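Engineer: Just so you know, the sequences run in chain order A and B.
For the first sequence, the residue numbers in the working numbering are 127 to 719.
For the second sequence, the residue numbers in the working numbering are 127 to 719.
Honestly, the hints are just simulated from the structure, not real lab data.
Predicted model only: the values in this text are computed from it and were never measured.
Ideal placement from N, C-alpha and C gives every residue a C-beta, glycine not left out.
Warning: the hint list may mix true and false statements.
Derived Cβ-Cβ restraints for the label pairs, each shown as a range [as the list claims (entries may be wrong)]:
hint, chain 1, residue 1, chain 2, residue 2, range
1, A, Glu-251, B, Arg-550, 49 to 59 Å
2, B, Arg-551, A, Arg-276, 24 to 34 Å
3, A, Arg-196, B, Arg-550, 46 to 56 Å
Protein chains: 2
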Amino acid sequence: MHETTPAAKAAAWLGNFAERLDRGDISGVLELFAEDCYWRDIVAFTWNVKTLEGKEAIAAMLEATLAATRPTGWTVTEASGSGLEPVEAWFTFATGVGKGTGILTLEGGKCRTILTTLQSLDSHEEALGFTRPMGVRHGADRNRKTWSERRAEEEVAYGNGADPYCLIIGGGQGGIMLAARLRQLGVPSLIVEKNAKAGDSWRNRYRSLVLHDPVWYDHLPYLPFPANWPVFTPKDKMGDWLEMYVKVMELTYWGGTECVSASFDENAKRWTVQLVRDGKPVTLHPVQLVFATGAYGPPKLIDLPGASGFKGEILHSSGYSDGSKYAGKNIVVIGAASSGHDVSVDLWEAGANVTMVQRSPTTVVRSETLMELAFDTYSEAAVASGIDVDKADMMGAATPFALQPMKQKALYDRIRARDADFYRRLEASGFLLDFGPDETGLMMKAYRTGSGYYVDVGASQLIIDGEIGIKAGVDIDTLTPGGIRFADGTEIAADAIIMSTGFQSMHEVVAKIVSREVADSIGTCWGLGSGTRHDPGPWHGELRNMYKPVAQENLWFQGGNLALSRFFSKYVALQIKARMEGLPTPVYAPPLK
Amino acid sequence: MHETTPAAKAAAWLGNFAERLDRGDISGVLELFAEDCYWRDIVAFTWNVKTLEGKEAIAAMLEATLAATRPTGWTVTEASGSGLEPVEAWFTFATGVGKGTGILTLEGGKCRTILTTLQSLDSHEEALGFTRPMGVRHGADRNRKTWSERRAEEEVAYGNGADPYCLIIGGGQGGIMLAARLRQLGVPSLIVEKNAKAGDSWRNRYRSLVLHDPVWYDHLPYLPFPANWPVFTPKDKMGDWLEMYVKVMELTYWGGTECVSASFDENAKRWTVQLVRDGKPVTLHPVQLVFATGAYGPPKLIDLPGASGFKGEILHSSGYSDGSKYAGKNIVVIGAASSGHDVSVDLWEAGANVTMVQRSPTTVVRSETLMELAFDTYSEAAVASGIDVDKADMMGAATPFALQPMKQKALYDRIRARDADFYRRLEASGFLLDFGPDETGLMMKAYRTGSGYYVDVGASQLIIDGEIGIKAGVDIDTLTPGGIRFADGTEIAADAIIMSTGFQSMHEVVAKIVSREVADSIGTCWGLGSGTRHDPGPWHGELRNMYKPVAQENLWFQGGNLALSRFFSKYVALQIKARMEGLPTPVYAPPLK
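Turn these sequences into a full structure, and let the hints guide you.
Structural biologist: Pasting the structure below:
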C-alpha cells in the first residue's frame with residue numbers, strides 16, 4: 127500500500143539493498159537486480175570508472191570492494207516514474223572515506239541500472255557557499271600577506287624549489303577544469319601549455335569557428351556562463367572566457383611552456399619532468415602527471431603518394447586559421463568530418479573554390495534538430511524546470527554505455543524521419559551519408575572513435591547547392607604537380623590541400639614525452655571496445671584509459687569535449703586528492719588496455 | 127472567509143486598488159491607504175525615483191501620472207505575514223510602455239507602504255535566457271563578420287565618426303554596471319576612465335584593502351560571484367573581476383582617458399565632450415552623459431595652518447597606497463572614518479608609529495556583528511532560503527527612507543547591547559564614539575553624508591591596545607616644521623600627514639567638467655535632506671540627484687557602493703533606453719536641488 131509511489135518503491139528497494147550490503151549478503155543483493163542489469167561505479171566502490179554488466183560482474187566487484195568501501199546511509203532524495211514507466215530514483219550514501227550520490231532505475235521491482243559516484247572526501251570538502259574562504263584575516267597583523275602577495279608567491283614558487291603535487295600537461299578546457307577542481311581540493315597543481323595564453327588553443331583555430339554544442343552543455347565548474355551568453359560560443363569569446371577563468375579560479379598556469387620528457391621514479395614515486403618555459407629549461411618533480419593535451423592527441427597525417435612533386439601547400443586542419451589568402455584558389459579538403467566541413471565553409475566564405483574529398487561516410491545531423499531532440503536536458507527549458515548542468519550530467523551518466531546504442535538508435539530514427547528531405551538532397555549531391563555501423567548516430571561515433579560526424583551549421587546546404595564540391599568514395603591515386611589524381615582517373619586541380627584527417631590517440635603524446643614502452647603498456651585512449659570500425663574489442667563498457675588509473679602508475683588522461691571534461695574532472699580530482707592525502711584507494715580490476 | 131491567507135488579503139486589496147486606478151478614482155484609491163502611508167516609485171509612474179509620503183502626496187502624484195501610466199494587470203505573486211504581522215506581498219503589473227514589479231505592506235487591511243518599479247520596456251526586453259543571442263548565424267555567408275571582427279569594429283568606432291548614445295565618465299564599479307545594463311538594452315555606450323585598466327581604481331588603493339561588505343551584498347548584474355569566492359573580496363581580486371567583467375560583458379572601455387570638458391547644446395540636444403585619450407584629444411557628441419566618477423566626488427582637502435613650514439609629506443588618503451616607506455616613522459592620520467582606520471592599520475602593519483586625529487565622533491560597528499545582525503537578507507542562509515541578490519535588493523528598496531531610521535535605531539540598540547564591552551573599551555582609549563544624531567547608526571550616516579563611520583575589521587583593537595594613538599576632539603592649532611600643535615598646547619611629531627578627510631560631492635566634478643553654473647543649478651549629490659549634520663534640509667526622501675533626472679537635461683549621476691550601483695543601474699539604464707527609443711518619459715515633480 128505505502129509502496130505505490132515511486133519514492134516509496136525506491137526507498138523500499140534501497141532499504142533492502144542497504145540491509146543486504148550491510149551484512150555482506152552479496153547473493154541477497156543480486157536477488158534485487160534484474161537479469162539484464164548494470165552497475166556503473168565512478169570512484170565510490172572501485173576507485174575506478176567501471177560498469178559492471180550482469181550479476182556475475184556485480185558479484186565479483188562487491189566481493190572485492192564491499193569490505194573496504196563500507197557503504198552506509200543509503201537515502202532516496204528524489205524519485206519519479208509511474209506504473210508503466212520504470213522508477214527512477216536519486217539517492218545519497220556514504221562510504222568509509224566520503225559521501226556519494228547515485229541514480230537507480232527499477233523495472234518490475236528489480237534494479238535494472240544503478241550509478242554510484244563519490245562526491246566528496248570526508249574532512250576534505252570543498253570550501254564553497256557556507257564554507258567559502260573569508261578572504262581576509264580580520265585584525266591587524268604586521269606579518270600580513272595580502273591576497274595578491276600570496277598569489278604572487280604561488281606564481282613563482284614552482285621551479286624555484288617547490289614542486290606541484292600534480293602537473294597538468296595541456297592548458298585547454300580539460301586541463302583548466304581539472305586544475306580548478308584540484309585547487310578547490312587544496313592540491314598544489316600547475317598547468318603547462320605550449321601556447322602563450324590560456325584560451326589560445328581556441329583563438330588559434332580557424333576564423334569562423336563557433337562551438338557546435340549549445341551553451342547549456344558547455345558550462346565550466348563553479349562559474350556558469352551568464353544568462354546573456356550566446357547559445358553557440360564564438361571561438362575568441364571562448365578563449366577570453368578560459369583566460370578569465372584561469373585568473374578568477376587562481377590557477378597557476380605557465381603559458382609558452384613545452385613538456386619535453388617525463389620519467390617516473392618507481393622508488394621515489396615521483397616524476398622527473400623536463401620543461402622548456404619561454405625558451406629556458408625547467409625540471410619539476412610532481413607526484414601525479416596528467417595528460418590533458420587535447421581531445422584526441424596529435425594531428426593524424428595520411429600518406430599522399432606524389433606529395434613531393436606537388437607544387438602547392440599541404441597542411442593539417444589544426445594548422446589552418448585564415449582562409450583569406452586562398453581567395454580565388456582551388457583548395458581540396460581531405461576529410462569530411464567536423465573540421466573538414468568547417469574548414470570548407472571557412473574557405474568558401476573567403477572566396478576559394480573548395481572540393482571536399484570524402485574517404486568514408488559521415489554522420490550528419492542538423493544543429494537545430496539536435497537542439498530540439500537531443501539536448502532536452504541541456505536547454506533553457508531544462509534549467510527552468512530545475513535541471514541544472516550538474517543534474518543533467520548525472521542523468522546522462524546514469525545510462526551505462528551498453529544501453530546507449532538502443533537509445534541513440536531510437537533518437538536517430540526520429541531524426542532521420544524528421545529531416546528525410548534534407549538527407550535525400552544531401553545524398554543527391556554525391557555525399558556519402560551514414561549513421562554509424564548500427565545506425566546509432568553521432569554520439570556513439572564520438573564515443574567509439576571521436577570521428578566521422580558533423581553537426582550541420584551550414585556546410586551541408588553548400589554541398590547540396592554544389593557550392594562546395596564533393597569527391598566521395600574514390601581512392602586517391604597520386605598527387606600531381608597541380609592537383610590530385612583519383613583511382614577512377616579523374617583529376618582535381620589544387621593550389622593547396624588541407625588534411626582534415628583527425629587526430630591520433632592521446633597515448634601517442636605519452637610515447638613522445640614518456641616512452642614508447644609506457645605508451646604501449648597503457649594502450650590507446652578513447653573508444654569503448656565496441657568492435658565497430660576503428661574501435662576494436664574487447665568491450666570495455668567505458669572510455670578506454672580516460673579519467674581513471676591506467677597501466678602506468680600516477681599517470682592520468684583528462685580530456686574530451688567541455689561536457690565530459692567538466693563531469694569527469696571532478697572524479698579525476700577526487701582520485702588525485704585521495705592519493706595526496708594517503709587514503710587507501712584500492713583500484714578494482716586491473717586497467718584494461 | 128477566503129480572505130484569511132496573506133495572499134488572499136493581498137489579492138483582495140490589489141483588486142480594489144486596480145479597479146479604482148482603472149476608473150481614475152483617486153480618492154477611492156486613497157481610501158485603501160493607511161494615514162501614515164508611503165508610495166515609493168522607481169521609474170514606473172513618475173519616470174523618477176520618488177517617495178510620496180502621505181495621502182496628499184500620493185493623490186498629487188496620481189493626478190499627474192495616472193492617465194499617462196495606464197497601469198493594468200496587477201497580480202499578487204507571493205505573500206507572507208500573519209494576523210499579528212503586516213501582510214507583505216509581491217506583485218507584478220504593466221504600464222503603457224513596460225512591465226513592473228512591486229512590494230506592498232498591509233496593516234489592518236490598509237496599505238502602509240507600496241513600492242512600484244519598472245522592470246522592462248515592451249519590445250525592448252533584454253536578451254537573456256530563452257532569448258539569449260545565438261552567437262552565430264547558421265549557414266554560410268561570404269560577408270560573415272565573426273564575433274571578434276564585430277567586437278574589434280565596435281572598439282574603434284567611437285571617435286572615428288561614430289558617437290555613443292551614452293557616455294559614462296568613470297570606469298569603476300558604478301560605470302561598469304551601468305554600461306553592462308545599457309549593452310543588454312542595446313544602447314551604444316562608452317566608458318571613459320582615467321586609469322589605464324578596468325579594476326585599477328581598486329588596485330591603486332592601499333595594500334591591505336578588502337571590501338568591508340560581504341560577497342552576497344556585492345554581486346554585479348548578470349554574473350554573480352561564484353560559490354568559492356571569498357566573503358570579503360581583496361582589492362586586487364576585485365580589480366581582476368572588474369577587468370574580466372568588462373571583457374565578458376563586451377563593454378567598450380577607454381582606459382587612460384580623461385574627460386576635460388562637456389557642454390550641452392540645447393538645440394541639438396547633444397553634448398560636446400572633450401577627452402584626452404592616451405595624450406591625444408578626442409571629441410565626442412553623446413546624447414546622454416553619466417557621471418560615475420566615484421561614490422562621492424573629488425578628495426576633500428582641509429586647510430592646515432602652517433602647512434608651508436611643515437617639513438614632511440602631506441597627502442590625501444586617496445593618494446596613499448603603500449606604507450612600507452613609513453616604517454619607523456611618525457605618521458599622523460587626520461580623520462577617523464573608514465579610510466582613516468584602514469590607512470592607520472596599513473601604516474601600523476608596515477611598522478609606522480601612527481596617531482589618528484579624530485575631529486568628530488565616529489560610528490563604529492564590528493564586521494562580525496553586522497554580518498550576523500544586519501546582512502540577514504544578503505547571506506548564504508538567505509541564498510539557501512531562496513532570497514537571491516535581486517530579491518534582497520527589492521526587499522531593501524521596499525522600505526521608504528522615512529521609515530528606515532526607526533528600523534536602524536532598533537538594530538543599533540541590539541548591536542550596542544551585544545557589543546557593550548567592546549564599545550566601553552574603545553571609548554576608554556579616548557576614541558569618540560557615536561551612533562549618529564538620532565542613534566540610527568552606520569547605514570543612515572552612509573545615506574545622509576557618506577561619512578563618519580567604520581566597519582571594524584581590526585583597527586579598533588589596535589586603538590584599544592594603544593597601538594594606534596588617538597588624539598580626539600581637539601582642534602589643530604598649526605603645523606610646526608616637525609609635527610602638529612593642537613589647541614590644547616600639546617604637540618605630536620609627524621614625518622607625514624595623511625588626510626583621510628573624505629570626498630566632496632560629485633557635483634564638484636560637474637563644476638569642473640561642465641560649469642560651475644550647471645553644477646550649482648543641480649545642487650549637491652547624495653544625502654536625504656534629513657536636517658542632520660552635513661545633510662541639510664529640505665527633506666527629499668530619496669538620495670539627492672542620484673539615479674534620476676536632475677536640473678540639467680541629459681545628465682545623470684550613477685554611483686554608490688556595489689549594492690546601490692547594482693540596483694539603481696537597472697533603472698538608470700531603463701530611463702536612458704526609454705529616451706533613446708523616443709518613448710514619452712514625463713518626469714513627475716521637478717528635480718529638487
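Engineer: For the range 46 to 56 Å, tell me whether the beta carbons of Arg-196 (chain A) and Arg-550 (chain B) fit it or not.
Structural biologist: At roughly 54 Å between Cβ atoms, Arg-550 (chain B) and Arg-196 (chain A) fall inside 46 to 56 Å, so the hint holds.
Engineer: Range hint 49 to 59 Å: satisfied by the CB atoms of Glu-251 (chain A) and Arg-550 (chain B)?
Structural biologist: 40 Å, violated
Engineer: Range first: 24 to 34 Å. Now tell me if the beta carbons of Arg-551 (chain B) and Arg-276 (chain A) are that far apart.
Structural biologist: The hint (24 to 34 Å, Cβ to Cβ) holds, given that Arg-551 (chain B) and Arg-276 (chain A) are roughly 32 Å apart.
The structure is inconsistent with hint 1 alone, although it conforms to all the rest.
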